[in-house]
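Chemist: This is what each chain is made of:
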Amino acid sequence: MKRYLPFVILTFLVLLPLAGLSTYAMHILILVIMWSVIGMAWNLLGGYCGQVSFGHAAFFGVGAYTSGILYQKLGISAWWGIPLSIIVVAAFALVIGFICLRLRGPFFALATLAVGVILRVSAENLTGLTQGDLGIMIRTRTWVGKTWYFYIILALAAVTFFLVRKTIDSKLGYYFVAIREDQDAAESLGIPATLYKTIALCISGVLTGMAGAFYMNYMGYIDPKVVFALHDISIVTIMVVMVGGAATYWGPIIGSVIMVLLAELIRSIPVLGVAYQTLFGILLIVIIIFLPNGIAGDWPKLKRLFGLRGAS
Amino acid sequence: MTSAQLEVLLQTLIAGVLLGGLYALIGIGMTLIMGVMKIINLAHGELMMVAMYIAYLLFSLFHLDPYLSVFIAAPLLFLLGMAIQKFLINPVLKVESILPENQVILTVGLGMVLANLATILFTSDYLSTPVEYATKAWYLSDFWRSSPIELSLSYAWSVSFLIAVVITLCLGFFLAKTDLGKSIRATAQDSEAALLMGVNVDRVRAITFGLGSGLVGAAGCLFIPIYYLYPDLGGQFTLIAFVITILGGLGSTVGAIIGGIVLGVFESLTATYIGMGWAPVGRFIIFVAVLIFLPGGIASLLQRKRFGR
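Protein sequences appear in the order of chains C and G.
Take the first sequence: its position 138, counted from the start at 1, is 138 in the numbering used here, and no numbers get skipped.
Take the second sequence: its position 48, counted from the start at 1, is 1048 in the numbering used here, and no numbers get skipped.
There's no promise every hint is true.
[Claimed, not checked] Derived Cβ-Cβ restraints for the label pairs, each shown as a range:
| no. | chain 1 | residue 1 | chain 2 | residue 2 | range |
| --- | --- | --- | --- | --- | --- |
| 1 | C | Leu94 | G | Leu1294 | 19 to 29 Å |
| 2 | G | Leu1093 | C | Pro192 | 23 to 33 Å |
| 3 | C | Ala91 | G | Val1008 | 48 to 58 Å |
| 4 | G | Phe1293 | C | Ala185 | 25 to 35 Å |
| 5 | C | Asp169 | G | Leu1169 | 54 to 64 Å |
| 6 | G | Asp1190 | C | Gly190 | 23 to 33 Å |
[Said to hold, decoys possible] Which bits of chain C does chain G cover? Going by a derived footprint, with three or more residues having C-beta under 8 Å, they are:
| no. | segment |
| --- | --- |
| 7 | 45-54 |
| 8 | 101-115 |
| 9 | 120-133 |
| 10 | 221-235 |
| 11 | 238-247 |
| 12 | 271-278 |
[As the list claims (entries may be wrong)] Cβ-to-Cβ under 7 Å is the rule here; a few derived chain G residues that face chain C:
| no. | residue |
| --- | --- |
| 13 | Leu1009 |
| 14 | Ile1040 |
| 15 | Pro1091 |
| 16 | Val1104 |
| 17 | Leu1106 |
| 18 | Gly1109 |
| 19 | Met1112 |
| 20 | Val1113 |
| 21 | Leu1117 |
| 22 | Ile1120 |
| 23 | Val1281 |
| 24 | Gly1282 |
| 25 | Phe1284 |
| 26 | Val1288 |
| 27 | Ala1289 |
| 28 | Phe1293 |
Honestly, the hints are just simulated from the structure, not real lab data.
Where is the CB? At the ideal position from N, CA and C, for every residue including glycine.
Start from the sequences and build out the full structure, keeping to the hints where you can.
Modeler: Given below as structure tokens:
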């Protein structure tokens, strides 16, 4: 049963638009799936390979801008951005990896954080290429309804899920985990750590970049403050994975469901709306202290907790 | 080089050094915390923002000069830092988890809460303390009539710089001469050995975090007469502190001072000759260059000199 769970969920999601959901429900679903793509991509690098990145907005933004610049400057459909962003983001990830992956642990985290900020500043200042703070807008949207966007992001999510799963089940995955657990020991066993960290960064970055390119097509508008946002993209990515559970297949998906719904819920309450970052921050602190491995990772612990309560 | 160009260059350098002195104070706070606890405090800039709001409140309610509020804001921040270390960071250090960077993520969450609370309490308007000396300055021509070039030195900037230097000197004395300072340095070098020598490592950690927060709080008070204040200002100063720490060498106080001044001068040069908006990129170029060419930071240069290599 457990083996077929992904297929069951995929079939269910494929059939879901036939139920005639409202536009708002479809929008939320699309956001949930998009965030789970980004979360799964981050999880590959952060959860399995142990390289915590605070700058996934950089890859997201580069993907989105690849799409946007294609549309704005060359006048071709922004959908070409999704395949093209694979090349652009992979090249970008190689450069970032060359610079940042020589750092370990928290220093890598900070370096990626700096990369995200630098890209935002560059995108704001390179007005010739990116239109600066004006942003890029797609004037005619491909479809009015949400159904096709839903299927495209669902396909992307399915590809991501199986790609991450295949990677982790292969030898590559064992290398990643070995590097996470002890980089020096891994190197002494003959694993070229830098090479495999770069591979993890490239895969993770490319998947995030594709989600970014999709975002450009779906939302129809980007500006540097939106796509290179530290809190709204990079930190939320980490939260999605932390809440759901790092280094688990289902963690990012559970996390994105919870985070997107929670964000919508908090923002819809008038008084709490302004304080949503406070609540997110408190949630993050609580999760780190009490559920350090997330909902999926600490599932036995949670079950025991609720089991005990049910018994008494 | 014409005298006008020379004037611009010298003025830029003066502004850079003055800015660098304040940056150094921010950087020292972070490097102390990093050296002793081996964690990166990503809420560093937000703590500075809190101190700036304290100074702003004291100014607007009691008309207290921002420079005097150092004596109130810095101790308050010291207590806040100790509380953060005791109630948030220590429990996380004990928790077993897959990712070792949990404390870093924790400080990010903390920073988010602080910035958002400031937005709720004070709205996101830009605030400043309009002190009457903010726009006054010394001019070179006042002292030297026939001077070929004209340079100016702002009152507020130079007072901030001097106070920063005094605080840094006091800190240097504290770290070098007092028992507590020596325990802090011992813990930074090897916390287990320090524990065996009878240093109460937990207490030293709490004090160090408090000290780092207090220093950045003092820096905040010194910044407010010459800068403006808004809730999201923390993030950029966290990055500045972090670049200084890398540039200076991890955990090195002297390195942080030199790093702060180098960064200040570099930023002011970028702002004058390339453009105001590019200053953060200049920071990153320094950061990358240091990582590639000088991974140990300025501290490794000093060490090399000391050992005559």
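Chemist: Each hint: holds or not?
Modeler: Hints versus structure:
no. : hint                                : verdict
1   : C:Leu94 with G:Leu1294: 19 to 29 Å  : holds (23 Å)
2   : G:Leu1093 with C:Pro192: 23 to 33 Å : holds (32 Å)
3   : C:Ala91 with G:Val1008: 48 to 58 Å  : violated (39 Å)
4   : G:Phe1293 with C:Ala185: 25 to 35 Å : holds (29 Å)
5   : C:Asp169 with G:Leu1169: 54 to 64 Å : holds (59 Å)
6   : G:Asp1190 with C:Gly190: 23 to 33 Å : holds (31 Å)
7   : 45-54                               : holds (count 5)
8   : 101-115                             : holds (count 11)
9   : 120-133                             : holds (count 4)
10  : 221-235                             : holds (count 3)
11  : 238-247                             : holds (count 4)
12  : 271-278                             : holds (count 5)
13  : Leu1009                             : violated (23 Å)
14  : Ile1040                             : holds (5 Å)
15  : Pro1091                             : holds (5 Å)
16  : Val1104                             : holds (5 Å)
17  : Leu1106                             : holds (5 Å)
18  : Gly1109                             : holds (4 Å)
19  : Met1112                             : holds (4 Å)
20  : Val1113                             : holds (4 Å)
21  : Leu1117                             : holds (6 Å)
22  : Ile1120                             : holds (6 Å)
23  : Val1281                             : holds (6 Å)
24  : Gly1282                             : violated (10 Å)
25  : Phe1284                             : holds (4 Å)
26  : Val1288                             : holds (6 Å)
27  : Ala1289                             : violated (10 Å)
28  : Phe1293                             : violated (12 Å)
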